[in-house]
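Enquirer: From the two separate chains plus the hints, produce the assembled complex.
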Amino acid sequence: MLRQLSSGERNLSELAAPLRMTFPAASKHVRVLEGAKLVRRRVDGRQHLCRLSAAPLEDANGWTGQFRRNWEVRLEALDSLLDEMKAEERERRRR
Amino acid sequence: MTPSPASLRITTPTDTTIVLTRAFQAPLRLVWEAMFTPDRMRRWMLPPPGLTLTSCVCEPRLGGALKLAWKSEDADPVMTLEGTFTDVVFHERIVHTEAIALASGQVISSLVEEHAFTEEGGVTFMSITQTYESKEARDGAIGSGMDQGMEACYQQLDALMAEAP
Chain U
1 MLRQLSSGER NLSELAAPLR MTFPAASKHV RVLEGAKLVR RRVDGRQHLC
51 RLSAAPLEDA NGWTGQFRRN WEVRLEALDS LLDEMKAEER ERRRR
Chain D
1001 MTPSPASLRI TTPTDTTIVL TRAFQAPLRL VWEAMFTPDR MRRWMLPPPG
1051 LTLTSCVCEP RLGGALKLAW KSEDADPVMT LEGTFTDVVF HERIVHTEAI
1101 ALASGQVISS LVEEHAFTEE GGVTFMSITQ TYESKEARDG AIGSGMDQGM
1151 EACYQQLDAL MAEAP
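Residue numbers (our numbering), protein chains in the order written: chain U, 1 to 95; chain D, 1001 to 1165.
Derived by calculation from the structure, the hints in this document are not laboratory data.
Just so you know, even glycine gets a beta-carbon here, dropped at the ideal spot from N, CA and C.
Take these hints with a grain of salt, some might be off.
What the hints assert, rightly or not - What follows is a set of in silico ranges between Cβ atoms, one per label pair, in the way DEER data are often shown:
#1 Glu-1073/D with Ala-87/U: 34 to 44 angstroms
#2 Asn-70/U with Ser-1055/D: 17 to 27 angstroms
#3 Arg-1009/D with Gly-8/U: 24 to 34 angstroms
#4 Ala-77/U with Ser-1072/D: 15 to 25 angstroms
#5 Glu-1073/D with Arg-90/U: 37 to 47 angstroms
#6 Ala-1065/D with Arg-92/U: 29 to 39 angstroms
#7 Met-21/U with Glu-1120/D: 52 to 62 angstroms
#8 Thr-1037/D with Glu-14/U: 53 to 63 angstroms
#9 Ser-1110/D with Arg-95/U: 41 to 51 angstroms
#10 Pro-18/U with Pro-1049/D: 32 to 42 angstroms
#11 Arg-74/U with Asp-1087/D: 21 to 31 angstroms
#12 Glu-76/U with Thr-1012/D: 18 to 28 angstroms
This is chain D alone, in the form it adopts within the complex (with noise of 0.2 angstroms):
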């Protein structure tokens, strides 16, 4: 099966890396665009459940802040994300930081990510290489969703057991 142009390839290509692939139907200016600048990245830059994303900060050039809240209804902020800008190329590349912390300053996940971009054709092919302190941080970034993951595909097994006859 090909996959399409849109389908999401990740790769864990050294111990502690995750990267990232995935096209989209649009000229990098408009990625560029819609990826780095506040207003638009609120649109997609969905939170997770029950959290509303309170304010976004992102400045793409060298040194410039990254930097997200979310509230709860309980807890205002109750995540925080923040970075630094390290190297950006205009339309081509860029990296920062980000570490991601609980309200009580517990830093939950700390990162680098780089983001390429190339175009062909009116379509865009983006790589994102996240890379963590360590293989334990980076199987956490993963894990802790395979978990679910794996739950989830327990319990359909579960009634598929149940059905067998």
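Next up, chain U with everything else stripped away, as it sits in the complex (with noise of 0.2 angstroms):
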């Protein structure tokens, strides 16, 4: 349904089609993803339009997803490199 959704706005009966459901059976899993605000629904007439809320999706996982995480295991790593070289110092002073 948010694959769906991905490509732009749609009404219940479109989003329920392809997957095979009865309306009430969508509208109900629309209602689950309304609640955990991936998906805004307006009325406009006798339609309901669904579209992606995005914004959490982007804030659950970072837009940039393996992108960042990549980078950032490797800053992680450069932290701690960090921390070794900083005591190394510390220790030749001390001698």
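Expert: Take a look at the structure:
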């Protein structure tokens, strides 16, 4: 459902069809996503239009995903190395 | 929420750039040594899973070389990184080119990386500006990872859905 919404706003029927869900089941699904603040729903006439509320997804995982994690892991290793280097330096000064 | 000094900030100020900023609880001269001395680099330039760093050359002076190679169980080298230092201001700024290639010679990433450093009260602030050849290349660098990130997120959601009454 989120994959479908990632390409734009959809009404409930459009969301339900490819998932072979009934309209009430799709509606319930959307309610859960709304509760998790991942989807926003607006009513336009008789249509319930849903769209992604992308912010929590971005916050949860970072839109930079694996790129960010790769750098974070390296820079944390760099932090540990710097701690060692600071300790080495203190040791040298003591001598 | 105030980010901790160590938190990594990633921004994309233009279509072809990625800027990473990060602070270190260490004086600038140590950060510089850790980042541009081969023996030190080996300690934090952690390879992708399954790969081992086999050689590391880093000559942080104008025209100096940057050369890294990795091997896998099947191939040695399986991937190389080659670049040249194009601007070096000691303990302040460093710019190098960088081309990452597969053993076949196919270049999978080509960029210019600029590092800038300042120090304040024993804390070093670093910014890395990566400039890619095109928006597509820039998006590709982040995007391949983003897909994985999104996929992980979708999987968490699938689990959440399964639990929903």
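Enquirer: Next, verify each hint and record whether it holds.
Expert: Do the hints match the structure? See the list:
no. : hint                                         : verdict
1   : Glu-1073/D with Ala-87/U: 34 to 44 angstroms : 35 angstroms, holds
2   : Asn-70/U with Ser-1055/D: 17 to 27 angstroms : 21 angstroms, holds
3   : Arg-1009/D with Gly-8/U: 24 to 34 angstroms  : 30 angstroms, holds
4   : Ala-77/U with Ser-1072/D: 15 to 25 angstroms : 21 angstroms, holds
5   : Glu-1073/D with Arg-90/U: 37 to 47 angstroms : 41 angstroms, holds
6   : Ala-1065/D with Arg-92/U: 29 to 39 angstroms : 30 angstroms, holds
7   : Met-21/U with Glu-1120/D: 52 to 62 angstroms : 56 angstroms, holds
8   : Thr-1037/D with Glu-14/U: 53 to 63 angstroms : 57 angstroms, holds
9   : Ser-1110/D with Arg-95/U: 41 to 51 angstroms : 47 angstroms, holds
10  : Pro-18/U with Pro-1049/D: 32 to 42 angstroms : 34 angstroms, holds
11  : Arg-74/U with Asp-1087/D: 21 to 31 angstroms : 23 angstroms, holds
12  : Glu-76/U with Thr-1012/D: 18 to 28 angstroms : 23 angstroms, holds
Hint compliance for this structure: every hint is met.
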